[in-house]
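Listed below are the residues making up each chain.
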Amino acid sequence: MRIVIAEDSAILREGLAQLLAVRGHDILAAVADADALLDAVTREPPDVAIIDIRLPPGHTDEGLRAAIRLRRDNPGVGVLIFSQYVETAFVAELLAGGSEGVGYLLKERVVELDDFVDALHRIAAGGTALDPDVVTQLVGRSRHRDQLAELTAREREVLALMAQGRTNTAVAAALRVTERAVEKHVTNIFTKFGLAPSDTDHRRVLAVIRYLQG
Amino acid sequence: MSAPAARRTWTGLAYLLLALPLDVVAALVLLAGGLLGAALLITPLGLWVLALVLRAANGLGGWRRGLAARLLGEQVPAPPRPQDRGGVLRWRRAVLTDPAGWRAFAYAMAKLPVSVLSLFAGTLGYVYGLTALTYFPLQEHRFGSWGLALARWLTGLALLVLAPWLLRPVLNVERMLIRGLLGPSRAAQRITELRETRDRAVIDADATLRRIERDLHDGAQARLIGVGMHLTMARELLAAEASPERLRAEIDTARAALTEAVAELRDLVRGIHPPVLDRGLAAALATVTAGSALPVTTTVELARRPPPAVESMVYFTACELLTNANRHSGARSVEMSLSFDDEILRLRVRDDGRGGAHPRPGGGLAGLAERVRTVDGRLVIDSPAGGPTTVTVEIPGPAPAERR
Numbered sequence: 016m017r018i019v020i021a022e023d024s025a026i027l028r029e030g031l032a033q034l035l036a037v038r039g040h041d042i043l044a045a046v047a048d049a050d051a052l053l054d055a056v057t058r059e060p061p062d063v064a065i066i067d068i069r070l071p072p073g074h075t076d077e078g079l080r081a082a083i084r085l086r087r088d089n090p091g092v093g094v095l096i097f098s099q100y101v102e103t104a105f106v107a108e109l110l111a112g113g114s115e116g117v118g119y120l121l122k123e124r125v126v127e128l129d130d131f132v133d134a135l136h137r138i139a140a141g142g143t144a145l146d147p148d149v150v151t152q153l154v155g156r157s158r159h160r161d162q163l164a165e166l167t168a169r170e171r172e173v174l175a176l177m178a179q180g181r182t183n184t185a186v187a188a189a190l191r192v193t194e195r196a197v198e199k200h201v202t203n204i205f206t207k208f209g210l211a212p213s214d215t216d217h218r219r220v221l222a223v224i225r226y227l228q229g
Numbered sequence: 002m003s004a005p006a007a008r009r010t011w012t013g014l015a016y017l018l019l020a021l022p023l024d025v026v027a028a029l030v031l032l033a034g035g036l037l038g039a040a041l042l043i044t045p046l047g048l049w050v051l052a053l054v055l056r057a058a059n060g061l062g063g064w065r066r067g068l069a070a071r072l073l074g075e076q077v078p079a080p081p082r083p084q085d086r087g088g089v090l091r092w093r094r095a096v097l098t099d100p101a102g103w104r105a106f107a108y109a110m111a112k113l114p115v116s117v118l119s120l121f122a123g124t125l126g127y128v129y130g131l132t133a134l135t136y137f138p139l140q141e142h143r144f145g146s147w148g149l150a151l152a153r154w155l156t157g158l159a160l161l162v163l164a165p166w167l168l169r170p171v172l173n174v175e176r177m178l179i180r181g182l183l184g185p186s187r188a189a190q191r192i193t194e195l196r197e198t199r200d201r202a203v204i205d206a207d208a209t210l211r212r213i214e215r216d217l218h219d220g221a222q223a224r225l226i227g228v229g230m231h232l233t234m235a236r237e238l239l240a241a242e243a244s245p246e247r248l249r250a251e252i253d254t255a256r257a258a259l260t261e262a263v264a265e266l267r268d269l270v271r272g273i274h275p276p277v278l279d280r281g282l283a284a285a286l287a288t289v290t291a292g293s294a295l296p297v298t299t300t301v302e303l304a305r306r307p308p309p310a311v312e313s314m315v316y317f318t319a320c321e322l323l324t325n326a327n328r329h330s331g332a333r334s335v336e337m338s339l340s341f342d343d344e345i346l347r348l349r350v351r352d353d354g355r356g357g358a359h360p361r362p363g364g365g366l367a368g369l370a371e372r373v374r375t376v377d378g379r380l381v382i383d384s385p386a387g388g389p390t391t392v393t394v395e396i397p398g399p400a401p402a403e404r405r
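Note that the protein sequences, when read in sequence, are chains A and B. Each residue of the first sequence is one higher than the last, beginning at 16 in this note's numbering. Each residue of the second sequence is one higher than the last, beginning at 2 in this note's numbering.
The following block holds chain B by itself, in its conformation from the complex (with noise of 0.2 Å):
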């Protein structure tokens, strides 16, 4: 019941009142500017007039996400700007044909009866309320009885306790407005969206073949040079008729570096591509379970292969999900099911641990996020503070490239 006083309601009223006059004359002004525009278009001065409109419209539109973010605290991303570089001729092109400049101007149209809306249910909650409670004590001879005048007095003190509830409707209208209308277009949002995947996609590859240059450096690359430093050393014993104790001491030390070469190109291999995964998903994934420290119950139904970049983000999700709830959890079992029924494939991840997980910024569970992110799929952590932890994958059905 703090409604009445909490701060919201003031800065919604103050919106409302900073606003109202605003937008009828805004409105009106822009209107006039729109028709005369339409009737001028038989001249050359005709499309002049609808760009300035246009772009007065925007200008407005702009005041009003800053105005709305201020006292509404409704956040509205700007729309993308067109690109007017060069010329009034270009300039006049690029307003005319920016989506959001005739979104604003649609904006301002509905604002006219959403404007007469507020100022009908200001009027009511306030000025009426008001009014009802101050009448009473000054010019109480004018009414017949007490109780008429105490039922008016308290109508007016009940308008001006529920005002914020009849003002927020008309506020929930302007948000849905401001949104829709002044914020990006849902295809402006996608591109969006699609353009901060691509660029973790990007990074994401990058990473991925520079850890792979560090790990052939560092490792196999130095240890098959290890080997030849070692088979040199063999020859410069045999040269030199040292024992064959530590001739074949030599040897030894080169083979086994030799093994741990190709031990760790194998790694390396099964961290770029799986060769199991050419078998699909659920002989790749029981091999990732059969080395799992944690039992684990594998459910996959599949009607149908996924694309095989899909099978490749799955399995590398599950081996970390695995790994995570191994490492993190303190579960004792794990339950993993995967499931693709042409519309969506669906992977979760459930163990019995402590719960409590969620994506640092980061951290391996947000990557993941991201990585699912670029083939517009989505993850969802479900984990309460005392388990169980539950994560699931979901991702569109056919590949990226073959959906239009």
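So that you can see chain A by itself, here it is in the shape it has in the complex (with noise of 0.2 Å):
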């Protein structure tokens, strides 16, 4: 993948321009602030670019700021929210634009490599990646108490997964059970929630938050 990185904390940025170069991934550039983002990826367009929430000079917002105008301007490219906190309402506007090619992970992920970088090429290949805490706080604060009441453990499990914008393959094996068994889990969450199924991975990850957030 080739990517770029906006980051003000030059420990974090070279730390993660590391580890992604020795995963064999193109850092095309990695820089300090938003300005510095819009023009690299203007220059040579990214597969993914990271980018901090708290971006100078107010280290406010203006990461996210930049985030989506970078998708409105830059459709192919994927945008990872890179943040220190998890923060609802910031994720809210993210995904108003859509969730193709979107995500939003706390900092620390990264030392789970293989996970941030699977993250990585999901929202490069168009799909979703919120981070568990994300989807805590969406089940945590969604008005639909008594729905998710009803659901079981189990699909209470795949919930959190599938919301995190995870294939059903990648449900299935960190699960431990089969696809078909995720398959049927999935209809019956969209059938307690009253949604209509969705077939593509993609399209049902914005039902289910659209659904928690309403």
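Calculated directly from the structure, the hints in this document are not laboratory data. Predicted, not measured: the structure shown is a model, and the values here were computed from it. Backbone N, C-alpha and C define an ideal beta-carbon position, used for all residues, glycine too. One thing to keep in mind: the hints can contain errors.
[Unchecked claim] Here are the simulated distance ranges between beta carbons:
id: 1; chain 1: A; residue 1: Arg-225; chain 2: B; residue 2: Val-277; range: 53 to 63 Å
id: 2; chain 1: A; residue 1: Asp-129; chain 2: B; residue 2: Ser-244; range: 17 to 27 Å
id: 3; chain 1: B; residue 1: Ser-186; chain 2: A; residue 2: Asp-50; range: 55 to 65 Å
id: 4; chain 1: A; residue 1: Asp-50; chain 2: B; residue 2: Arg-71; range: 51 to 61 Å
id: 5; chain 1: B; residue 1: Arg-249; chain 2: A; residue 2: Gly-91; range: 40 to 50 Å
id: 6; chain 1: A; residue 1: Glu-59; chain 2: B; residue 2: Gly-357; range: 30 to 40 Å
id: 7; chain 1: B; residue 1: Ala-257; chain 2: A; residue 2: Asp-50; range: 50 to 60 Å
Put the two chains together into one complex, using the hints given.
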């Protein structure tokens, strides 16, 4: 994958670039602010841009603003929001433009490099990667508590993994069950939520997230 | 001797001339109204008349504050307005219970004797002086001798020259009355002060929390994630069977980053609450002075331990004053003394530097003074150009919560 990194902390920017380079990815640019990020992407569009939410000068949500702009101007570039904290309001804003090719992960997830790289691949391929904490918060704040209470323990596990953006195959592997069993759980969840079943992985993530946010 | 022609003499005179007739009329009208209202108290009308009288007194008071500000340069803030939302009965109640109205009424009454005094002083100085001065050349034949005429002329001149000094005490009485009766009462001033210092404390607390969040986010938290990245890197190198040197270098980097993270956390904790402060101010200040580049002589005399919040404030104030002395004063030594005699806690930091320290808006010293004010304390800077600089902080003994 070709990757651009926007992260103002030098330690994390370089650490991340080294780790991804070791895994054979091309770091096209590693920059420290939003303007440099947009320049780099315009110059040579990557497969994925990894963007810290807090960037200079204000250190508030400059990264998120840049990510939203980048998604509008370069729909082909996947965007991973890379943050030290989970804020569902930011997630909602990011997903407002669709869930194709976006992700939101806590920075410490890098430590599980296999999962992290897997999430990047998913985003690059137009999929979704949401942090487990994001999903937990969405579920915790959802107004559909009654319907959530109807889910079995296994269905809740499947829901969490599905909302993170994982495919049926990945969910099956994580839970050590067959894909056939996962498909059955997914159908049950959609029925209990009263949602029309979706064929593709992408669309069903959006459906689930919208449902939880609603 | 420029007083007779000075601008403030003329504005003062103009003030008295404007005020005199108005004061007499206002006092008589208000007095009559007040008496009428009091007499009518046996009927429902009495309270309404009283309310109108008080409202009028208040209005006149406001007009008088404006006049005093323009002509006497006496800036007196308006007393806080009572809330009189909705309904005439509420309005009446608000006016009758508002101390500002009663005080304005008292002002109008007090002005009666003061007006007589100012009339006397003004007449003696200007009217009699001017008359004596101008009688002589026109009607000389009425005087027995030239000597007597000259004496009278000189008296007139002297009175005119001295008139400003005759009027000054009158104006001073007027200033006192305006400040005391038309401005906010002592309680209202205290409320304003408490509101200001409370706002300051809230803003301070918020800024502190934001700073801590930022420090953690950019400092220790980022470093710890960095440690995780280096360890992950070490694992990658291990899997790729890289050379032991590369692996060792990566682990060493992780260890160094971890040490830095711990150091940052320690600094942050010290900035929130230094653990040594639990053992008292003497021990805490000894630790601080030991780290100072300038030699510091410290004297601590504490009859008993101040409340923890005061200890903390004194500690951080002492730290900042010491830092200032180190950074800006060019001093060769610093003396720090701390005493607490049950009444007042007094911190004094004195350096033999170049002096000239003064609080700038938004600066460190101004911030310290503001913070000390939140516990009714004060910060006094004595720093003549050329030095030495002495900063004294005084905080009343008991904790604010204990004081009633």
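For each hint, the structure was consulted:
| no. | hint | in the structure |
| --- | --- | --- |
| 1 | Arg-225(A) to Val-277(B): 53 to 63 Å | holds, 54 Å |
| 2 | Asp-129(A) to Ser-244(B): 17 to 27 Å | holds, 23 Å |
| 3 | Ser-186(B) to Asp-50(A): 55 to 65 Å | holds, 57 Å |
| 4 | Asp-50(A) to Arg-71(B): 51 to 61 Å | holds, 54 Å |
| 5 | Arg-249(B) to Gly-91(A): 40 to 50 Å | holds, 42 Å |
| 6 | Glu-59(A) to Gly-357(B): 30 to 40 Å | violated, 57 Å |
| 7 | Ala-257(B) to Asp-50(A): 50 to 60 Å | violated, 32 Å |
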